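Undergrad: One letter stands for each residue in the lines below.
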Amino acid sequence: MSDIDDALTELRDEFDLLGDWEERYRYVIELGRDLAPLTDAERSDANKVRGCASQVWLVTEPQEDGTLRFRGDSDAHIVSGLIALLLRLYSGRAPADILAFDAKAAFDQLGLAGALSSQRSNGLASMVQRIRRDAEAALAA
Amino acid sequence: MAFDVQAVRAEFPILLRHVHGKPLVYLDSAASAQKPRAVIEAMTRAMEHSYANVHRGLHTLANETTDAYEGARSKIAGFIGADPHEIVFTKGGTEAVNLVASGIGASLQPGDEIVLSEMEHHANIVPWHFLRERKGVVLKWVPVTDDGRLDLEAYQDLLGPKTRLVALSHMSNVLGTINDAKALARMAHEAGALVLFDGCQAIVHKPVDVKDIDADFYVFSGHKLYGPTGIGILYGKAERLAALPPYQGGGEMIATVTRDEITYADPPHRFEAGTPPILEAIGLGAAVDWLAAQDREAIAAHEHRLYARVRDRLAGANWLKVIGEAPGKGAILSFTVDGAHAHDVAQILDRYGVAVRAGTHCAEPLMRRFGVSSSARASFALYNTEDEADAFVDALTKTQAFFA
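Chains as they are written, first to last, in our numbering: chain Y, 7 to 147; chain C, -8 to 395.
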């Protein structure tokens, strides 16, 4: 079990306390509101993840111990909340653990199936792709 | 002829679907409409009984399929008051605009002007930007008023001796505004310019007579008109099409080919290189047959009733901003919800079974005009009901509470 799996177990326990989808989405919206916003400078084109309906930004910060720290933001609440979940799973992990992790399956387990749909309108799937790309680059370095 | 929405719904099998355990309330027909059995069956029947390539073979199936394909062209011509040889099958509305832009662009000079409006879909913007980039053509923009109409005085002022073409939406996919195409065409012609209308939305909601409008070009897609994807229509006046060079090269669009030279087929086949979307054309033919058999005035009245009902019920919602309130507009409601992003709104509405569009609707200049980064859009079609209008209002009210 990697740290990332432990984080998923923890999230699953939190979500198990929530009832129907309305409660889950309210919780996700709350997480989004609590997400530390990026600065205007960090909301740059370089950090922008391709989306359509909403905008998503991702900042990747390689740490000295070889792990990757991620911060992210969106102009939509639900997407921000889902980013908060992604960051709890991915941020501060080793690149190999990141690449071994299946985010889509994790979201399904949290009762958020469809949140990582392949639609381009949803910047989240692209965000996961970029996280994985940065992890691959870190491994190759 | 009476209009019975339940009878109409029964012809659309997909409307029985449930989404997240709720009955589907499909309010995204302006993006793509669902298909009646008549269309599904026409395409299936062709594949099961009578299919081959068109215009080529001399065998029975080839002849039958060619008849069906050319028959669809005639049906569509009749649907808009055109002659069959003025109807070009394209792969969609977008390709139809690109075809005209590419053809007209060949003869444009730097400094020539093309007039567009702020309410255009990207499909009626980007092909003209190509000409700006490649030919030095100047794009002029008709402004949109606060309630979502074209500013006709400004339009008149933009028309001048350098105006070569006017390319305008007949009905806005965001605002629902229905423009007076006939008046717009007359003004363009008085200035000596050609006029193209993007009819993707208008053709669905009102009878269109291209000769009465006096359009030089009129384009629309099949999939918004209850037909299949992969097919669109370019109508062009016979003399306008005759003046256009070919768009793509390949089989079927030539008269003769030798090692040293080629001669081209006459329109419309000149513009239909390669094997065309045969089944899709047949499907679209079935769609216009089906729609023409309905009482279109009653449909328009029905759609308007749904829009008015939603608008009335939401009249007191101080958290709602509606974009586009032009008089006589079609049944498209674009809106923003205070405290929520359009993406949030669409995602929660989906959980209640309500399908709406969220984003920039491929109309970024219009979004900028109204100072929003995105909006949500509920669009009504002939198969929507008053119960669905109510379900939408109820779901939207609940959705807003998530973000209050």
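Please keep in mind that the hints were generated in silico from the structure rather than gathered at the bench. One thing to keep in mind: the hints can contain errors.
[Said to hold, decoys possible] For the chain Y half of the interface with chain C, some residues (derived, Cβ under 8 Å), not all of them:
1) L23
2) G25
3) Y31
4) R32
5) Y33
6) S60
7) H83
8) V85
Predicted model, so just to flag it, every value in this text is computed and none were measured. Glycine included, every Cβ here is placed at the ideal spot set by N, Cα and C.
Undergrad: Now, for every hint given, state plainly whether the structure supports it.
TA: Going through the hints against the structure:
{"no.": "1", "hint": "L23", "in the structure": "violated, 19 Å"}
{"no.": "2", "hint": "G25", "in the structure": "violated, 14 Å"}
{"no.": "3", "hint": "Y31", "in the structure": "holds, 6 Å"}
{"no.": "4", "hint": "R32", "in the structure": "holds, 6 Å"}
{"no.": "5", "hint": "Y33", "in the structure": "violated, 11 Å"}
{"no.": "6", "hint": "S60", "in the structure": "holds, 4 Å"}
{"no.": "7", "hint": "H83", "in the structure": "holds, 5 Å"}
{"no.": "8", "hint": "V85", "in the structure": "holds, 6 Å"}
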